[in-house]
Amino acid sequence: MANMLNIDDLKVSLEEEEKQIIKGLSLSIKPGEVHAIMGPNGSGKSTLSSVLAGKDGYIIDSGTVNFDGSDLLETEVEERAALGIFMAFQYPIEIPGVGNMNFLRTALNSQRKTRGQEELNAADFLKLVRSIAKDLEISDEMMKRPVNVGASGGEKKRNEILQMCLLEPRFVILDETDSGLDVDAMKLVSKGVNNFSSSSRSFLVITHYQRLLNYIVPDFVHIMVDGRIVKTGDKTLALHVEETGYKDFLQLGKGKH
Amino acid sequence: MTDNYEARDVIDKETLSTVKSVGDTYKYGFSTDIETEYAPLGLNEDIVKLISKKNNEPKWMLDWRLKAFNRWKKLKQPDWALLKIPEIDFQDQYYYARPANMKEKPKSLDEVDPKLLETYSKLGIPLTEQKKLAGVIEDNSEDNSENRKVAVDAVFDSVSVGTTFKEELKSAGVIFCSISEAIKEYPDLVKKYLGSVVPISDNFFACLNAAVFSDGSFVYIPKGVRCPMELSTYFRINAENTGQFERTLIIADDNSYVSYLEGCTAPQRDESQLHAAVVELVILDESEIKYSTVQNWFPGDENGVGGIYNFVTKRADCRGRNSKVMWTQVETGSAITWKYPSCVLKGDNSSGEFYSIAITNNMQQADTGTKMIHLGKNTNSRIVSKGISAGKAQNTYRGLVQIGGRSQNSRNFTQCDSLLIGNKCGAHTVPYIEVNNSSARAEHEATTSKVDDDQLFYCMQRGIGEEDAVALIVNGFCKEVLQALPMEFAMEAQKLVAISLEGSVG
Numbered sequence: 001m002a003n004m005l006n007i008d009d010l011k012v013s014l015e016e017e018e019k020q021i022i023k024g025l026s027l028s029i030k031p032g033e034v035h036a037i038m039g040p041n042g043s044g045k046s047t048l049s050s051v052l053a054g055k056d057g058y059i060i061d062s063g064t065v066n067f068d069g070s071d072l073l074e075t076e077v078e079e080r081a082a083l084g085i086f087m088a089f090q091y092p093i094e095i096p097g098v099g100n101m102n103f104l105r106t107a108l109n110s111q112r113k114t115r116g117q118e119e120l121n122a123a124d125f126l127k128l129v130r131s132i133a134k135d136l137e138i139s140d141e142m143m144k145r146p147v148n149v150g151a152s153g154g155e156k157k158r159n160e161i162l163q164m165c166l167l168e169p170r171f172v173i174l175d176e177t178d179s180g181l182d183v184d185a186m187k188l189v190s191k192g193v194n195n196f197s198s199s200s201r202s203f204l205v206i207t208h209y210q211r212l213l214n215y216i217v218p219d220f221v222h223i224m225v226d227g228r229i230v231k232t233g234d235k236t237l238a239l240h241v242e243e244t245g246y247k248d249f250l251q252l253g254k255g256k257h
Numbered sequence: 258m259t260d261n262y263e264a265r266d267v268i269d270k271e272t273l274s275t276v277k278s279v280g281d282t283y284k285y286g287f288s289t290d291i292e293t294e295y296a297p298l299g300l301n302e303d304i305v306k307l308i309s310k311k312n313n314e315p316k317w318m319l320d321w322r323l324k325a326f327n328r329w330k331k332l333k334q335p336d337w338a339l340l341k342i343p344e345i346d347f348q349d350q351y352y353y354a355r356p357a358n359m360k361e362k363p364k365s366l367d368e369v370d371p372k373l374l375e376t377y378s379k380l381g382i383p384l385t386e387q388k389k390l391a392g393v394i395e396d397n398s399e400d401n402s403e404n405r406k407v408a409v410d411a412v413f414d415s416v417s418v419g420t421t422f423k424e425e426l427k428s429a430g431v432i433f434c435s436i437s438e439a440i441k442e443y444p445d446l447v448k449k450y451l452g453s454v455v456p457i458s459d460n461f462f463a464c465l466n467a468a469v470f471s472d473g474s475f476v477y478i479p480k481g482v483r484c485p486m487e488l489s490t491y492f493r494i495n496a497e498n499t500g501q502f503e504r505t506l507i508i509a510d511d512n513s514y515v516s517y518l519e520g521c522t523a524p525q526r527d528e529s530q531l532h533a534a535v536v537e538l539v540i541l542d543e544s545e546i547k548y549s550t551v552q553n554w555f556p557g558d559e560n561g562v563g564g565i566y567n568f569v570t571k572r573a574d575c576r577g578r579n580s581k582v583m584w585t586q587v588e589t590g591s592a593i594t595w596k597y598p599s600c601v602l603k604g605d606n607s608s609g610e611f612y613s614i615a616i617t618n619n620m621q622q623a624d625t626g627t628k629m630i631h632l633g634k635n636t637n638s639r640i641v642s643k644g645i646s647a648g649k650a651q652n653t654y655r656g657l658v659q660i661g662g663r664s665q666n667s668r669n670f671t672q673c674d675s676l677l678i679g680n681k682c683g684a685h686t687v688p689y690i691e692v693n694n695s696s697a698r699a700e701h702e703a704t705t706s707k708v709d710d711d712q713l714f715y716c717m718q719r720g721i722g723e724e725d726a727v728a729l730i731v732n733g734f735c736k737e738v739l740q741a742l743p744m745e746f747a748m749e750a751q752k753l754v755a756i757s758l759e760g761s762v763g
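Protein sequences, first through last, are from chains A and B. Using the numbering used here, read the first sequence as starting at 1 and increasing by one per residue. Using the numbering used here, read the second sequence as starting at 258 and increasing by one per residue.
Please keep in mind that the hints were generated in silico from the structure rather than gathered at the bench. Among the hints, a few may not be true.
Stated by the list, open to error - Below 30 Å or equal to it, Euclidean Cα-Cα: the simulated DSBU-like pairs (lysine-lysine) are:
| no. | chain 1 | residue 1 | chain 2 | residue 2 |
| --- | --- | --- | --- | --- |
| 1 | B | K681 | A | K19 |
| 2 | B | K449 | B | K423 |
| 3 | B | K707 | A | K55 |
| 4 | A | K191 | A | K19 |
| 5 | A | K144 | B | K736 |
| 6 | A | K113 | B | K736 |
| 7 | B | K649 | A | K55 |
| 8 | B | K330 | B | K448 |
| 9 | A | K134 | B | K330 |
| 10 | B | K480 | B | K547 |
| 11 | A | K55 | B | K681 |
| 12 | B | K649 | B | K736 |
| 13 | B | K316 | A | K127 |
| 14 | B | K333 | B | K448 |
| 15 | B | K603 | A | K113 |
| 16 | B | K341 | B | K628 |
| 17 | A | K55 | A | K113 |
| 18 | B | K310 | B | K333 |
| 19 | B | K316 | B | K331 |
| 20 | B | K341 | B | K423 |
| 21 | B | K448 | B | K628 |
| 22 | A | K55 | B | K736 |
| 23 | B | K316 | B | K306 |
| 24 | A | K156 | B | K736 |
| 25 | A | K134 | A | K156 |
| 26 | B | K707 | B | K324 |
| 27 | A | K187 | A | K113 |
| 28 | A | K144 | B | K707 |
| 29 | A | K19 | B | K707 |
| 30 | A | K231 | A | K247 |
| 31 | A | K191 | A | K235 |
| 32 | B | K324 | B | K427 |
| 33 | B | K649 | B | K634 |
| 34 | B | K603 | B | K649 |
| 35 | B | K480 | B | K310 |
| 36 | A | K156 | B | K310 |
| 37 | A | K55 | A | K144 |
| 38 | A | K231 | A | K30 |
| 39 | B | K316 | A | K144 |
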């Protein structure tokens, strides 16, 4: 099967200071696969997700990123979203005064418009949102609130999953979605993700700890150290990290200098 | 989820899609090719007399104007606002312009120049309703809330061109007509109230207006009447090099209510144009006036060439017990805005509210706010101001809260929020609080924030384009004020917010 995402020898620096964060990273993801990237703080995990989503502030030094045949690095942020790329934020952003429903509907219809699809009418939209919200135990009251304002950490993460289910992306980046979640909330979020997964959808799960991977089981685990993937394995690799920490892999990262 | 909530949601959505279709320049920048009759250039006693004569005014009115003119000659243009105002040559302005074929005022809409009507329809004014003039509304379905009726008075350059639904209003006892007509038809009411809220010598611009105002709107709501529809005035400057000086007088007699909407546009021209209006509201016992403005005068181009200089005096006098006024303004246009809709809370238990959105982009300057003068006992005021600044614009909130010595147990709450887009613009907050009664309570909250890159990125990652994202975030910031507007105006205002900020990011 053809790759959905193909990252080839990617090198990325920060715009503000001349510092390379990603130092030659290659990764291929096929439809239906779940990949986890683990690594210590500062290894470049979050930079990778930001670059894939298209955030400003980075310089691409070299390398390519191809998504379903499109040159992703030349594609605008909102067009990437319409292509089916979704990032669940580590710290979901608050937007005061903008109701959740309005935000969701604007986002959904913007994407549909970009893809040349008809916009969803109010009734169908409400029906859809309510059924998703119910599964994620998100109350009507919360749906009326402004986007992420006054929400707890757990509520914000559930809200991200709700957005994901509504927008139906094909490629999902979960950026440290487990951070700040208690076990119950993590189960709920994982359930949302697992229900959403399918043979045509792929996930890139970025995490610091192994525990999320008990619930969202990866096909591949990559260990990222100092801007490179230094080891790839299956889910047992994550268990290994859990036991011994990253110290073995730090050496691997340094060895390449 | 309530229906109301869903309705708003639909509006928000429609706003964003409409904004796209509107294009990126000033939408109302066209001018109408109508033969215009001007008074001679400049200002002197003869011009004042001429304006009075053109309107067939009685002598008392002319005397009032001349008194104002003589007073004005002694006044100096104020310079305390945080505005860079280019020198205005008051002798290089036309003080009266009207479409030439309106020497005789039209008796009905059929006599109005079709080009004028075309202009108004371009502006989206429901003047077609005038076809149903004279109160004969054949398709008057009982509860047609979708097509809610709004009576309109339209002022084109200096002359009022037509008031819709006049007869229907008349049967309710409501008087809604041009002020020039009111001077002739209802002289007692005009004599009693004109200048009683904003005296002729109040300030430089109000005084100028008193001398040369050419038309405007007049409303009288009699005792015990709740005005059956919203009243609306549209002001449009068309003629070149012409000042517009309209005067509005609204009286809510005991136990009455009216909601009044005012909208403004002007064609796009390289020369700046002067607008100095006066609005007086008189509110008697147990009565309420809601006054909403969407001001969208031409703001000048991105280099600051052209645009309207908007110097406006608006004041509400809550004379009666339990009287209430609510000013809501959305100020997106004008090169310069100098405007402080105020509330004089004389009656016991009276209350005043001021909700404002002021948006400045490119080279625009706004110095706007309100005055809450508490005189009666148990009076209440509330100020919610949202200033948005983009480009190289400067935006100042200036507000006075004054609680008098006899004003027992009075309250004020002020919330003043500024939003900056980019790093070349400025936001300023200048509150004046004077409390002379120890039982009073005044609260002031102020914030300044920026549309931040993280918010934009979040919206865009969800598929929303950059300009739509800015519009969404700014409309969220303004929400409390937008909600204070009547529904139709809220939609228009949301669109305007988006249009005024186009090109402000990226």
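Results of checking the hints against the structure:
no. : hint               : verdict
1   : K681/B with K19/A  : 29 Å, holds
2   : K449/B with K423/B : 23 Å, holds
3   : K707/B with K55/A  : 18 Å, holds
4   : K191/A with K19/A  : 38 Å, violated
5   : K144/A with K736/B : 14 Å, holds
6   : K113/A with K736/B : 26 Å, holds
7   : K649/B with K55/A  : 26 Å, holds
8   : K330/B with K448/B : 24 Å, holds
9   : K134/A with K330/B : 71 Å, violated
10  : K480/B with K547/B : 17 Å, holds
11  : K55/A with K681/B  : 23 Å, holds
12  : K649/B with K736/B : 24 Å, holds
13  : K316/B with K127/A : 68 Å, violated
14  : K333/B with K448/B : 27 Å, holds
15  : K603/B with K113/A : 55 Å, violated
16  : K341/B with K628/B : 22 Å, holds
17  : K55/A with K113/A  : 22 Å, holds
18  : K310/B with K333/B : 28 Å, holds
19  : K316/B with K331/B : 23 Å, holds
20  : K341/B with K423/B : 42 Å, violated
21  : K448/B with K628/B : 26 Å, holds
22  : K55/A with K736/B  : 28 Å, holds
23  : K316/B with K306/B : 10 Å, holds
24  : K156/A with K736/B : 22 Å, holds
25  : K134/A with K156/A : 15 Å, holds
26  : K707/B with K324/B : 49 Å, violated
27  : K187/A with K113/A : 34 Å, violated
28  : K144/A with K707/B : 24 Å, holds
29  : K19/A with K707/B  : 28 Å, holds
30  : K231/A with K247/A : 13 Å, holds
31  : K191/A with K235/A : 18 Å, holds
32  : K324/B with K427/B : 33 Å, violated
33  : K649/B with K634/B : 44 Å, violated
34  : K603/B with K649/B : 40 Å, violated
35  : K480/B with K310/B : 33 Å, violated
36  : K156/A with K310/B : 68 Å, violated
37  : K55/A with K144/A  : 28 Å, holds
38  : K231/A with K30/A  : 19 Å, holds
39  : K316/B with K144/A : 60 Å, violated
Checked against the numbered hints above, the structure breaks hints 4, 9, 13, 15, 20, 26, 27, 32, 33, 34, 35, 36, 39 and satisfies the rest.
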